[in-house]
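With the sequences and hints as input, model every part of the structure.
2 protein chains.
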Amino acid sequence: MSLLTVGTVAFDKLESPFGKTDKILGGAATYISMASSLLGVETGLVSVVGGDFPEEYIDLLKSKNVDLAGLEIVADGKTFFWEGKYHNDLNTRDTLTTELNVLETFNPVVPQNWKNADVLMLGNLHPLVQAGVLEQMENRPKLVVLDTMNFWMDCAWEELMAVIKNVDVISINDEEARQMSGEYSLRKAARKIAAMGPKTVIIKKGEHGALLFQGEQVFYAPALPMEEVFDPTGAGDTFAGGFSGYLAKTNDFSFENMKRAIIFGSALASVTCEKFGTESLQNLDVDALNARLNEFRELMRFEQIEF
Amino acid sequence: MSLLTVGTVAFDKLESPFGKTDKILGGAATYISMASSLLGVETGLVSVVGGDFPEEYIDLLKSKNVDLAGLEIVADGKTFFWEGKYHNDLNTRDTLTTELNVLETFNPVVPQNWKNADVLMLGNLHPLVQAGVLEQMENRPKLVVLDTMNFWMDCAWEELMAVIKNVDVISINDEEARQMSGEYSLRKAARKIAAMGPKTVIIKKGEHGALLFQGEQVFYAPALPMEEVFDPTGAGDTFAGGFSGYLAKTNDFSFENMKRAIIFGSALASVTCEKFGTESLQNLDVDALNARLNEFRELMRFEQIEF
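Read top to bottom, the protein sequences are chains A and B.
At position 12 of the first sequence (counting the first as 1) the number is 12 in the UniProt record's numbering, and the numbers step up by one without a gap.
At position 285 of the second sequence (counting the first as 1) the number is 285 in the UniProt record's numbering, and the numbers step up by one without a gap.
Since the hints were derived computationally from the structure, they do not count as laboratory data.
Among these hints, one or two may not hold up.
For chains that are exact copies, the list does not tell them apart, and a pair is met inside one copy or across any two.
Below, simulated BS3-like cross-link-like pairs (lysine-lysine); rule was C-alpha separation at most 27 Å, straight line [as the list claims (entries may be wrong)]:
id: 1; residue 1: 205; residue 2: 275
id: 2; residue 1: 249; residue 2: 62
id: 3; residue 1: 142; residue 2: 249
id: 4; residue 1: 85; residue 2: 199
id: 5; residue 1: 142; residue 2: 13
id: 6; residue 1: 165; residue 2: 275
The structure is reproduced here in structure tokens:
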């Protein structure tokens, strides 16, 4: 099975209470495709970078078996750049710089051999860009997962509504779900969002885990209480990549399997938070992933109770 | 098995986006003992009310099999009164009135036949009052559970440290755990708090559930995503009463059983939130409780995963 993602490939400059970085590799498509590929899924990305994007990062992504046929390189352009500073609680951050650069005129082109990908992950981008990628697919993917953010709700609501009508799963955070639905209760919010199109609604709650809704079914995947959150950048994208990647790998899109997928996503996201950028994700091996999955099992496991 | 609780019995006047109440029955000991008694545990309370406390509430508590031998009635005093208004999100509230009244000079007396209770639940009160009750026990209870709040950390830190040294379980919310430990990471906070005395640390996170820590073991009980939270007053006390009551009923104080206990507590707490005051808790029957427990099982259940 194969997974294609469209999203940003970026330079991030980060500061957290634990230190700071220079410009390092970031972007939603980077995290999504690394997580998916790590699960052994044939993974490709559609994105754009500038001539300043180092060969070293290209090599890194290739070494992680991410197919870069869909990565446009604009020789005389500059790569999308985001600079952020996390507060002491690591839950809130300030954006210091956003330079769209080559992203401003990005017109995604899906490579011919990716037009039949099984799973399509639409990373957080302008809804028209997301729709443009979906339209280029020759066959409707078995599963289309979409991530978005409040920014697009504010300034591209109609376009967002048009694209989410055609996706299977939406993955957003609690604040965004409340804004999108006008409902405070997440159960009500999920129901309203599902009525906009996606049969399955994932509501991410950061350090409080994630909720998975489908019809009247609901599943709660906790986040692992961590010794220290070092840098949460990319956690949400890693989560989405782990979720979509697990479904692609297993070729089972049932609600039961989505529960497992959400735990894979949560486990991988917790790994991403342990170091700056993609460092801990790119060094994760199967034993460490299994150990992490085991921590989740223990965190949620209890023996049958009856009153 | 028997459970004795010390805590407030109060008048609450509540306002939420869904309506308002006159003065109704409230107080930590009320919720704790109702939850415990509902699980079939022999339950007694130590508290104080004024001459204005209506016979109707006495009868209600008695009808729920709560032993009131330890309820002092100060004929010429007034019952503790709290008035609060919840904001639209139901997660934050303003205290409009706090009248300590008879609580100001409360000197708890444990009835002779309760001095050998199996489980002792120290509801949120001045740490000296909590310590006074613990000292009156003839035999060290099999389990002592303590609830407290930031107010006592601010103004009675030494007394709080003295009493928590002697308890087995502490139940506090995330903000309080962070204040108490000076650690943002809840895992680190729990470790520091455990070093102050209680072997088991429960950190309540409101709509995000609760964490149970013991040594390096951790368990996450989610809160049920509710259609509507009507009134969260008493949810934390109901949780503590359900937790302690379940342990008293089963006479099993292992970590495994505490996991089950925390789910019972969460299930009962979700019931309390459905109506104002104790109304929904006092009308809960065994079938409805089992249905609610089943919702929790579904919320957390997933089939084995392996990578």
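Tested hints:
1. 205 / 275: both (20 Å within a copy, 26 Å between copies)
2. 249 / 62: within (19 Å within a copy, 59 Å between copies)
3. 142 / 249: Only inside one copy: residue 142 and residue 249 sit 12 Å apart there, 50 Å across copies, limit 27 Å.
4. 85 / 199: neither (35 Å within a copy, 37 Å between copies)
5. 142 / 13: Result: close neither inside a copy nor across copies, 36 Å intra and 54 Å inter.
6. 165 / 275: Neither: 37 Å inside a chain and 36 Å across chains, both beyond 27 Å.
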